[in-house]
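Peer 1: As a plain string of letters, each chain reads:
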Amino acid sequence: MYNIDMDSLDLEKTYDLVVLGGGPTAIACAIYAARFALDVLIVGKIFGGLIATTDIVENYPGITSTSGQGLMEMFKDHMNSLNIPYITDEIRSIENAGDYYVLHSFFQKFKAKSICIATGSERRKLGIPGEAEFAGKGVSYCATCDGPFYIDKVVCIIGGSDSAAKEALFLAQNVRKVFIIYRKEEIRAEPINKKKVYENEKIEIINNTNVVEIVGKTNVERVIFDNGKELEVDGVFIEIGSIPNSEIAQRIGVKTSEKREIIINRKSETNISGIFAAGDVADAPFKQAITGVAEGVIAAYSAFDYLKEVKIEY
Amino acid sequence: MPLAYIFTKLIRDEMIKLTKPVELSLFMGNNIEDNENVRSVLKIYEESSNELLSIIEVSDPIIAKNYDVKHFPAILFINNEGKELIRYLAKPFGAEIRPFIDAISTFSGDPNYYESVIKENIEKIKPSIIKVMITNSCAYCPEIITFVNKFAIASKGKIKSVIIDIMAHPDISESHDVSSVPYTIINDKKTFIGMVGPEEVLQELIGGN
Ligand SMILES: Cc1cc2nc3c(=O)[nH]c(=O)nc-3n(C[C@H](O)[C@H](O)[C@H](O)COP(=O)(O)OP(=O)(O)OC[C@H]3O[C@@H](n4cnc5c(N)ncnc54)[C@H](O)[C@@H]3O)c2cc1C
Numbered sequence: 001m002y003n004i005d006m007d008s009l010d011l012e013k014t015y016d017l018v019v020l021g022g023g024p025t026a027i028a029c030a031i032y033a034a035r036f037a038l039d040v041l042i043v044g045k046i047f048g049g050l051i052a053t054t055d056i057v058e059n060y061p062g063i064t065s066t067s068g069q070g071l072m073e074m075f076k077d078h079m080n081s082l083n084i085p086y087i088t089d090e091i092r093s094i095e096n097a098g099d100y101y102v103l104h105s106f107f108q109k110f111k112a113k114s115i116c117i118a119t120g121s122e123r124r125k126l127g128i129p130g131e132a133e134f135a136g137k138g139v140s141y142c143a144t145c146d147g148p149f150y151i152d153k154v155v156c157i158i159g160g161s162d163s164a165a166k167e168a169l170f171l172a173q174n175v176r177k178v179f180i181i182y183r184k185e186e187i188r189a190e191p192i193n194k195k196k197v198y199e200n201e202k203i204e205i206i207n208n209t210n211v212v213e214i215v216g217k218t219n220v221e222r223v224i225f226d227n228g229k230e231l232e233v234d235g236v237f238i239e240i241g242s243i244p245n246s247e248i249a250q251r252i253g254v255k256t257s258e259k260r261e262i263i264i265n266r267k268s269e270t271n272i273s274g275i276f277a278a279g280d281v282a283d284a285p286f287k288q289a290i291t292g293v294a295e296g297v298i299a300a301y302s303a304f305d306y307l308k309e310v311k312i313e314y
Numbered sequence: 315m316p317l318a319y320i321f322t323k324l325i326r327d328e329m330i331k332l333t334k335p336v337e338l339s340l341f342m343g344n345n346i347e348d349n350e351n352v353r354s355v356l357k358i359y360e361e362s363s364n365e366l367l368s369i370i371e372v373s374d375p376i377i378a379k380n381y382d383v384k385h386f387p388a389i390l391f392i393n394n395e396g397k398e399l400i401r402y403l404a405k406p407f408g409a410e411i412r413p414f415i416d417a418i419s420t421f422s423g424d425p426n427y428y429e430s431v432i433k434e435n436i437e438k439i440k441p442s443i444i445k446v447m448i449t450n451s452c453a454y455c456p457e458i459i460t461f462v463n464k465f466a467i468a469s470k471g472k473i474k475s476v477i478i479d480i481m482a483h484p485d486i487s488e489s490h491d492v493s494s495v496p497y498t499i500i501n502d503k504k505t506f507i508g509m510v511g512p513e514e515v516l517q518e519l520i521g522g523n
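In order, the protein sequences belong to chains A and B. The numbering used here puts the first residue of the first sequence at 1, with every later residue one more than the last. The numbering used here puts the first residue of the second sequence at 315, with every later residue one more than the last.
The set of hints was computed from the structure by calculation and includes no laboratory data. You may find that some hints are simply not true.
Covered by chain B, according to a simulated footprint, are these stretches of chain A (three or more residues, beta-carbon under 8 Å) [what the hints assert, rightly or not]:
no., region
1, 43–50
2, 87–96
3, 130–137
4, 144–153
The C-beta atom is built at its ideal place from N, Cα and C for all residues, glycine as well.
Can you make the complete structure from the sequences, with help from the hints?
Peer 2: Here it is as structure tokens:
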């Protein structure tokens with residue numbers, strides 16, 4: 001029924017394609033794979049991926065405005081309509097068993113003739129004193145999750161990306177004041193979001209500044225800047241980009257860039273045959289849900305093509 | 315399309331797939347509005363289930379005391395032996411619909427992905443309560459709820475899961491000093507802030523002995 005449909009899951013089977021990930025890239029890849037009549041299974045740690053943590057998505061063609069969760073609900077409906085099995089689990093390692101791959105989780109193992117790695121990325125940490133100590137006590141990496149705790153309070157967002165701007169706009173709906181603290185001259189949000197930020201009276205941008213410490217007693221009370229100044233805040237939202245989840249791929253020899261992104265070609269192929277990658281984990285210069293979806297779809301097609309080529313009889 | 319319509323449709327589309335009978339208990343307190351809020355949502359589940367889901371309304375304080383229900387309204391999954399497996403101090407609507415339906419279907423006897431591993435380790439797991447504090451805007455909460463409920467069902471109640479909407483029960487969140495969700499607490503000791511996977515929770519349940 002929901003996300004572990006045991007009826008359509010067969011652990012003995014060697015799947016044509018196992019997709020790793022639970023974000024838009026993985027689901028899009030699986031939808032196309034199912035439509036190419038491939039036996040496909042998705043194993044994802046968190047359904048929805050990163051996009052599900054955003055309050056508003058207004059750049060996905062065909063959908064004028066929805067929430068990240070709303071978008072992923074639509075993806076889920078689409079996935080369910082094709083009876084694609086989805087497992088909530090984390091793949092720990094991939095083993096090359098000759099004709100096929102074995103994917104190991106703590107709970108099960110899955111056999112796959114081909115794999116698409118769509119494991120996205122992890123939020124990057126600042127690595128400053130107070131960050132770990134106050135995690136969950138004023139330090140947050142998810143505005144939609146934790147925003148409700150800061151009604152009428154003062155918060156800051158560290159980072160100047162489009163995501164940071166969107167988080168600021170979301171938080172500004174309910175907090176008293178949002179400071180965006182950015183290390184460079186000007187935030188680099190999509191112009192449409194940047195304009196909204198500048199027009200929002202509750203949002204103030206502090207440029208050319210780094211936070212060097214988060215301070216408090218039991219909860220966050222203030223942040224200290226590299227110029228020695230301090231700012232009193234109740235919450236610190238950290239939005240400074242992310243690190244690709246490419247470690248399991250690296251361990252079986254998939255090539256990655258110096259930023260740890262999986263290197264793919266225009267067919268979403270990696271350097272290892274039968275292993276494809278797509279979305280935020282891969283090395284595209286511009287990463288969005290729609291670009292991940294497109295790469296995921298290409299990966300499905302390439303897997304289909306690959307399986308035709310290798311013609312494995314089971 | 316209004317969200318309430320989308321969510322109601324989701325319940326109808328999914329509950330129709332239920333194949334075995336299930337009974338849930340709704341423990342009601344003194345706040346009529348709160349009771350009605352949850353009852354009306356459960357009605358949608360019940361009415362969409364081909365008469366396979368029955369909601370038993372409980373207002374007897376003695377039964378509530380027997381199950382140690384102090385916060386209302388509370389939805390309890392109680393097995394044939396009268397043992398509580400899952401408790402919801404949250405309205406199963408919005409993002410909480412899918413994990414709730416999943417719990418219902420697993421509770422009805424549908425296959426459980428974690429059953430074999432929980433059974434293998436059941437001797438090593440001491441009786442445990444996993445509390446998951448959530449808000450309805452938290453994207454990661456449904457994922458944790460899904461597997462902790464399945465752990466509870468697979469363990470036949472040796473592990474109990476309690477799902478708490480902290481906006482509806484601020485006193486509980488304050489007593490645990492919660493300012494971030496999902497916030498998972500095992501046996502009122504070990505806490506996980508943010509997303510935590512089934513493996514880490516299971517290891518805590520085993521290692522926590
Ligand atoms: C605040 C914010 C706002 C954003 N707003 C927009 C927007 O408006 N529009 C837009 O298009 N994009 C937006 N983005 C970017 C967008 O979220 C990402 O580009 C998109 O989610 C990438 O999708 P993905 O599936 O490749 O990766 P992710 O969404 O990161 O998903 C990766 C998935 O893989 C899972 N996973 C990781 N490791 C494993 C493993 N070992 N085994 C199994 N599963 C694993 C993860 O749990 C997760 O489910 C935003 C991002 C942020 C942070």
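Peer 1: Taking the hints in turn, state whether each one holds.
Peer 2: Consistency of the hints with the structure:
With 4 residues having a beta carbon nearer than 8 Å to a beta carbon of chain B, the region 43–50 of chain A meets the requirement of three or more and the stated coverage holds. Counting residues of the region 87–96 of chain A whose C-beta lies closer than 8 Å to any C-beta of chain B gives 4; at least three are required, and the coverage claim holds. Under a criterion of three residues with beta carbons nearer than 8 Å to beta carbons of chain B, the stated coverage of the region 130–137 of chain A is upheld, 3 such residues being counted. Beta-carbon proximity to chain B at under 8 Å applies to 6 residues in the region 144–153 of chain A; the threshold of 3 is reached and the given coverage holds.
The structure agrees with every numbered hint stated previously.
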